[in-house]
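2 protein chains.
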Amino acid sequence: MNVLIVHAHPEPQSFTAALRDQARSTLEAQGHQVQVSDLYAMNWNPVASAADFASRDNPDYLVYALEQRLGVKNQSIAADIQAELDKLLWADLLILNFPVFWFSVPAMLKGWIDRVLVSGVCYGGKRFYDQGGLAGKKALVTLTLGGREHMFGEGAIHGPLQDMLRPLLRGTLAYVGYDVLEPFVAWHVPYISQEAREAFLHSYRQRLQHLADDQPLVFPRLDQFDEALYPLPV
Amino acid sequence: MNVLIVHAHPEPQSFTAALRDQARSTLEAQGHQVQVSDLYAMNWNPVASAADFASRDNPDYLVYALEQRLGVKNQSIAADIQAELDKLLWADLLILNFPVFWFSVPAMLKGWIDRVLVSGVCYGGKRFYDQGGLAGKKALVTLTLGGREHMFGEGAIHGPLQDMLRPLLRGTLAYVGYDVLEPFVAWHVPYISQEAREAFLHSYRQRLQHLADDQPLVFPRLDQFDEALYPLPV
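So the sequences go chain by chain: W and E. All letters in the first sequence, in the order written, are residues 25 to 258 by this note's numbering. All letters in the second sequence, in the order written, are residues 25 to 258 by this note's numbering.
Simulated from the structure, these hints should not be mistaken for lab results. One or more of the hints may lead you astray.
For identical chains, the list gives no copy identity; a pair is met inside one copy or between any two copies.
Derived SDA-like pairs: lysine to any residue, alpha-carbon spacing no greater than 25 Å straight-line [to be verified]:
{"id": "1", "residue 1": "Lys150", "residue 2": "Ser61"}
{"id": "2", "residue 1": "Lys97", "residue 2": "Gln57"}
{"id": "3", "residue 1": "Lys97", "residue 2": "Val145"}
{"id": "4", "residue 1": "Lys150", "residue 2": "Gly170"}
{"id": "5", "residue 1": "Lys150", "residue 2": "Phe176"}
{"id": "6", "residue 1": "Lys97", "residue 2": "His226"}
{"id": "7", "residue 1": "Lys150", "residue 2": "Gly179"}
{"id": "8", "residue 1": "Lys150", "residue 2": "Arg172"}
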């Protein structure tokens, strides 16, 4: 497999970075090819803007998704976006590796999503969910958070973590066609012992060694909906 | 009321900007004070990083939330963050005004959330949800999207829009204590007529004129949970 790890953490020595390194070494030991996009180290620009297009279909009014479609076709999209898109298309497995900021991805990673998952390649028209442009590839979300596990789930104070992650798991990764695997979660990270951190690294390694056995999460399929995207009778 | 509108759209002439202007003029006509943070126009920096702190409690290892707490107390937090925090604390009503990017906020706005909702002021310890630092204030999310209304809701292809917005409505705004009002949504915006857009502006004005009558959405209260944040018997 080809694997792209997209990592976003403002502290280079973070435990989240240790998870990134664990994934790289474990997957390489299995014979996979691994590339890492370390967004803070790259000084990634997270802001989707008119500057992303060397030439524009409409220089007077920016419709970002439209210019993405044309920019990719004409090879006039910004070089940093094209480089990440090339890695994305190369990878059979995408790992998003980040600390939860506000029950979501850090802005740095959100801006990678906003700019790199270009219209016309990753999705467009009726090409989304199981028909998405990245169908056949797998995605894994690996995250660290401050909360404890009992704060998440049905009836828990924050509800199920997967509900909080819905715009990412369903609205982004499943939307562009990925088989989305169950997230790997390291809980309560700022407050735990070195031993507890090593236990997370150990279980992450085991998870990665058996990733092929994972059943992806279930999301909508376009054949459940009609041409206008109204639900068909079950 | 004091009102802060935080606006993030890469196109200055967008319909989203027209909603921003509608909110400003409608609320000012009612006698409210309005400030606008136009993040693209401000060239806002959305990246939470070590550079946000002139001095650090721990210069060798960045724990962002911890440095936020100390930076605000010591007045050593970055000037752009302090300026936005001052507006946030001044405002009785916060309006987040944006186009949906990936069923979520644009990275530009995510970075405003990541950097401005500082620990120690907006939340911290047991100060969250109804006990959050901004309790007593109201928040309204005003958004534009490409999808049609029938693509959202129970059984619809994307499910309920409020479920997609959960990390924002519950995980961010309710978390810091806001009374979160039902979002104002302009559907299918890139594809609709000028008349349809004017109808959205008209209904937005009416909504804003009667905002005081709105019942906020319902979220958890800390008195439903014990000291360790396990749910109490109902």
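The hints, checked one at a time:
| no. | hint | verdict |
| --- | --- | --- |
| 1 | Lys150 x Ser61 | neither (30 Å within a copy, 36 Å between copies) |
| 2 | Lys97 x Gln57 | neither (27 Å within a copy, 47 Å between copies) |
| 3 | Lys97 x Val145 | within (9 Å within a copy, 47 Å between copies) |
| 4 | Lys150 x Gly170 | between (38 Å within a copy, 14 Å between copies) |
| 5 | Lys150 x Phe176 | between (34 Å within a copy, 16 Å between copies) |
| 6 | Lys97 x His226 | neither (43 Å within a copy, 39 Å between copies) |
| 7 | Lys150 x Gly179 | between (36 Å within a copy, 18 Å between copies) |
| 8 | Lys150 x Arg172 | between (40 Å within a copy, 14 Å between copies) |
Hint compliance for this structure: hints 1, 2 and 6 are not met, and every other hint is.
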